[in-house]
Structure formats: structure tokens, C-alpha cells
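Asks: Sequence:
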Amino acid sequence: METIINYFETIPSLHRSIILVGGLTFFWLLESVVPLFHFKYNKWRHAWPNIFFTITTVIINFLLAFLLLKTADWVVAKNFGIINWLPDIPFWLYVFLGLLLMDFIGAYLAHYVEHKVKPLWMIHLVHHTDHKVDTTTANRHHPIESLIRYTFTLVGVFIIGAPIGIVMLYQSMSLVATQFTHANIRLPKKIDYYLSLVLVTPDMHKIHHHYVLPYTDSNYGNIFSIWDRLFGTYMKMEREEIVFGVDVFPDEGKNGNLIELLKQPFQKYQKPTIIQSKE
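Residue numbers (my numbering): 1 to 279.
No lab work stands behind these hints, which were simulated from the structure alone. Be aware that one or more of the hints could be misleading.
Said to hold, decoys possible - So the derived label-pair ranges between C-beta atoms look like this:
1) R229 with E252: 27 to 37 Å
2) D73 with V212: 22 to 32 Å
3) L100 with V58: 17 to 27 Å
4) Y269 with S17: 27 to 37 Å
5) K78 with I4: 19 to 29 Å
As the list claims (entries may be wrong) - Simulated pairs of lysine to aspartate or glutamate, EDC-like, Cα-Cα distance not exceeding 20 Å:
6) K43 with E252
7) K70 with E9
8) K189 with E31
9) K40 with E240
10) K190 with E238
11) K40 with E252
12) K43 with E31
13) K268 with D251
14) K236 with E252
15) K118 with D217
16) K236 with D251
17) K189 with E238
18) K263 with E252
19) K190 with E240
20) K118 with E238
21) K78 with E31
22) K268 with D247
23) K263 with D251
24) K189 with E240
25) K263 with D247
26) K190 with E241
27) K236 with D192
28) K40 with E241
29) K189 with E252
30) K43 with D251
31) K40 with D251
32) K116 with E240
33) K78 with D88
34) K116 with D217
Cβ coordinates follow ideal geometry from the N, Cα and C atoms, glycine included.
Using the sequences and the hints, build the whole thing.
Replies: Structure (C-alpha cells):
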């Protein structure tokens, strides 16, 4: 475990790029082998705005990376933060708790707040207006949302006391996890279910992308499924019934247009539909 953390403390930018592009390529190809939905679409045309938003996310995180590094170095030097205040524990447990709490603050909490605070929801809507959810949807975040997510991550590092090795490991795991959960792939239902007892799975997360409430406001998790189960935001739904998109912005043409997506957070939307949950 120490070897892994030491590697991620100084992980080269090239290696991080390989994780991003390699994961995207792997799941892109896998979607052709075991697709969940047989979309009738031009995959490259659909991917264009999503790839653009992936690039803007990378740029924003790269430009602000020094803040993460400075904060992580400070909490270690001052012995500050939750995992640094714990009594002596095995190093593997120290790392696991760091990852678990980073996943809570940097992903679950950020995602939950974006759904509950209207201005943030307007920005996050760009992610939900994809009508053909696949692995490229993973980082379909408006640049403003990338800044919001970054802020939650930075606050998480400060509160948790995470050293940079854990931060970089978490970000790498988070990247692959979100590519996996958004990928248009069909796992055997039993395997997906048992995996979902611990990890967020494709079936579990895609319920979050169903086009109407209350399903849109469920299954916020990124890596670990514990947070949705713990806070009562976990929902089940048969994957065959999922319809992607979001009812408040139903125009698929506009939702695939980059200019329209950049303007989307500042536009009015129609009243959302709420259906009765089948649970």
C-alpha cells in the first residue's frame, strides 16, 4: 500500500493522461461488445460536446492543482484533519478511510448539493441533458461545475487531512469509476447487484439519469455505494425502463449542441414532472 501511495504522490502527468484516455478507450470499445442500449446515433458526433467538457475539466484541474498540493502538504505538516486526528491505525486503513471520506465530500456531498440548490442544479443540468448516456458522458460538466466540484474536493482535502498521495489515488479511481458507471454496458444483473452492495455500478448510477423525479434525485454516489444507502438516497429501477435525459430540457437537438449547452445554465426551464416511485 505504501508503494502505491508513494507512486501517486509524484504520478507524472503523462500517466494521469493514460488513465483518462485509456479508461475512455476501454469502455468505448466495451460498449460495442456488450451494450445496454442499442443506440441509433453517430457515436463520434455525440461524443464531441462531451469530450470538449472533459478537456475543459482537465484544464481547470490542471491550472488549480497547486492549491490541492499546497493544502495537502499543509494538513500533513500541521497534522490537521480527520484521518490525522485518529489514534494509530494500520496504514491500509488510514488510506481506505481517506478515500472513503474523499468520496463522500468530493463526490456524494457535492453531487447532492448540486441537486438541492437551484443555481447549482441549473449548472449541473448540462450533465443530465445527455439523451444517449455512455462513457463519454462521465465528464460532461459545464466549466462552472468543474470549478464547483474542484472546490468541494479542496474542502475535502482540508477537512479530511488527506495527503497528496491519497488525493491523487482518489482522483484516479474516481475518473475510472465514473467512466465505468456511465458506460453503455450490460453486466449480468446478479453481478451488478452484488457489486452495488459496495461500489456504484452502471445499473445503479443510470437510474440517476432517468429523465424524471424522484429517480433523478437518487443514487448520487461515485465510487462507494455506502453513502446512498446510509442517507436514504438509494433507489432501484429495472434498467430496461430507464429513459435518459431530463424532462425540464427535453430538446435532444439543443442538448447535443455545444453552444446551447454552454448557455443552458442561464436559461429558463419547464416545470419538472414527478412520478410515483415503484419501490
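Asks: Which hints, by number, does the structure contradict?
Replies: 2, 14, 16, 20, 21, 29 and 32
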